[in-house]
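Chemist: Start from chain A and add chain B according to the hints.
2 protein chains.
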Amino acid sequence: MERLVVIGGDAAGMSAASQARRRRPADELQIAAFERGRYTSYSACGIPYFVGGVVKSLDDLIARAPEEFRDRQSIEARTRHEVTDIDLDKRAIEVIDLESGTVRRESFDQLMLATGATPVRPRLPGSDAEGIFGVQVLDDGRAIFEALDASEAKNAVVVGGGYIGLEMAEALKMRGLDVTVVELAAQPMSTLDPDMGALVAGAMTEMGIEILTDEAVESFETAKGHVSAVVTQVRTLPADIVVLGLGVRPNVELARKAGLTIGPSGGIAVDRRMRASADGVWAAGDCAEKYHRVARKHVTVALGTHANKEGRVAGINIGGGYATFPGVLGTAVSKVCATEMGRTGLKELEAAEAGFESLSVTVDSTTRAGYYPGTSAIKTKLIVEKRSGKLLGAQIVGREGAAKRIDVLATALWNEMTVDELLNIDLSYAPPFSPVWDAVLIAARKAWQAVEEDLSDCS
Amino acid sequence: MERLVVIGGDAAGMSAASQARRRRPADELQIAAFERGRYTSYSACGIPYFVGGVVKSLDDLIARAPEEFRDRQSIEARTRHEVTDIDLDKRAIEVIDLESGTVRRESFDQLMLATGATPVRPRLPGSDAEGIFGVQVLDDGRAIFEALDASEAKNAVVVGGGYIGLEMAEALKMRGLDVTVVELAAQPMSTLDPDMGALVAGAMTEMGIEILTDEAVESFETAKGHVSAVVTQVRTLPADIVVLGLGVRPNVELARKAGLTIGPSGGIAVDRRMRASADGVWAAGDCAEKYHRVARKHVTVALGTHANKEGRVAGINIGGGYATFPGVLGTAVSKVCATEMGRTGLKELEAAEAGFESLSVTVDSTTRAGYYPGTSAIKTKLIVEKRSGKLLGAQIVGREGAAKRIDVLATALWNEMTVDELLNIDLSYAPPFSPVWDAVLIAARKAWQAVEEDLSDCS
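Just so you know, the sequences run in chain order A and B.
Be aware that the first sequence starts at 1, since it is given in our numbering, and climbs by one per residue.
Be aware that the second sequence starts at 1001, since it is given in our numbering, and climbs by one per residue.
Excised from the complex, chain A in its bound form:
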């Protein structure tokens, strides 16, 4: 009997296990998954909403418990089991039961690496103090929630103004804390161009969240082992709780130690079928590299939606089928309070880094016909290759109903459309849903005009 061992019991690992099982029954393929945390198949993206009280129970974030995998699919999912070593020659792993401390070896024929990523923790004085939290696994969410419940925390500092940073800042604000975001760059939300990011920063400020930019954290002050303040090069901020939003790093140490190739982006190198660099070894999710279809290079992106898709692809292949993962566009969406933001493809700086000569246009429009009640602002920015007019990236900032429209632009980008093609596309129109020229189409029109003007300037 063949044996599949899965390291990591969240989206990528359990998707792979499920798909493999669908194609190969339990009397043909044994499947064991090891997860060092307490949970399998959960939504880490939901943590800020749990902390903020929008989602009432942490259990709501769990898609499937270990028992469900066992009972429904004969997949053995063991939580609180940490894999500490992979021996590719002997086809075995070493795993420690974190509850009992016992160590044992488990053999495999196929190995699925779904080790995820870990929040970046700055190596600064005091950074290991209690009250400083990363946000990655459900236990992080529980820990933050319990810390808030137990203490009379008043001041929160969020270090880093990316998606998790801003979502956690909003959550903490909703819990009644005074919240300050400290951002090293000139602006938070740096996956957007500065002009679009500024709109998000403005929305946060309006909520009463203080945003400090161009400011580096230098150390954490502690009292009795617990954080008491965040020290930047400019000032000392009192802090009862600190949340790190500095991004995550792929967990690749196990893979590296085992001799698997780590790509230049820092993730485990995989091909389109999610095969790592050794026979019968697969990787997917936050720990694995992804091909960026517009930048034309490999990147790491920690996002549940990729993890699910890649896990599915790996599982189909492990199960004897054929599937490929065609890469990512860097699409993302988020919201703070009533302000929504979406992005796909390359921002201006990324387009330049990727060697494209680009131009940008920004268009203000509305989500419904201007005269229809409930219409709200939507600002759409397109980044377009000069001469060809090919779409390179897009960003949307707006109110309710705005951000998810980024998917139209992601689909256009996926198909390598030019803005000239895009401006005539047959998108839906009715007054409750868009103006007669949808915001996407207006932006494409304006972008095409800019491309033509740029061409005639050159001639």
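Cut-off 20 Å, straight-line C-alpha distance, at most; resulting in silico cross-link-like pairs (EDC-like, lysine to aspartate or glutamate):
#1 A:K386 - A:E357
#2 B:K1386 - B:E1421
#3 A:K390 - A:E453
#4 B:K1154 - B:E1130
#5 A:K390 - B:E1416
#6 B:K1390 - A:E416
No lab work stands behind these hints: they were computed from the structure.
Modeler: Coordinates of chain B only, in the frame set by chain A:
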């Protein structure tokens, strides 16, 4: 000096005029537009919302008044002027001033036909009675509104259950009338497949609108010239007001009389640059044929968004530029009460008529993560070509935030994607915006599985 005459002062005509003007100044091209109605550039699609009281003033539906065209763009737009004849040899039209009754001839070098469409009025006894309204131009909206205001109308009958029929039924219900929709077919909303249309019919019934299907109107009873009842083959429905929602017919009589080619779909035949069959004659909007990119034939579709795009293309070409209109997909969106519906491409029956062997899948999902507050149901149906897995059409029925997602599927369809390609596309994900597998992706997955199963059944 060259002269452009535009027949019809709404979306297609005035877009063409504006675009032509942008490329050719007033001392080079004279532009005169004749509109038989009272208004230029208005949103006919907004009429149901005005009647229902959602939009407060009819003026809100007017994008630009004649004076604005004159003052800003030196475009002479004359309302209440009806063109009665086109003489292509002598390059002149005959136009009657509907206020004064004076008739005169106006010469042209270029002629733009934007004559629109007229609601279908059944030739039945009593069908010319007062109180029976089509819904096409702003004056129709005003007439209905005034009729409701002036009378103590209690019973309304809507004949035909398409978009306008259902939108008007809702509007009349919101005004407090008892509303009955009479539909000849087995179900209203026949642009959707029966299973999806049934959901819309159910939502209407829940609102208290009565829907009679498989029922033909045979005559209208009148009292003192005013409608008093609608007689079907089954019953007599008392009616103080009747709204016709039987679709529209392109206004092509002028064009036909002038000897221009009318296409098999009943619209004026045009090429991709919007040129009609005579030199220097252009047509766009509801009166002109459009190429349906999936059905691969010419069709007529009365929709402001096409009129605007086609008018723009014609105007660029008239102005000496180069632009083409690449066709339509049959995308549409609407809502009744809180139920939204969107569609694109071919429904099952249309796919069969177009010669495709297709299969369909339907998926129930949610607009946000299942655990996120405000998540709502979204049902997505895909119609897919057997063997190739090529997307042929899509339909969505759901609640707030559901229908506009049809645009992602329209963009995929525009690019002739297969569901196999579609299921891995990088759409945006965050809990407030979608489950980790977006509804579109789940539907694509299920459709691809159905294609594969169908293939293995064949082998």
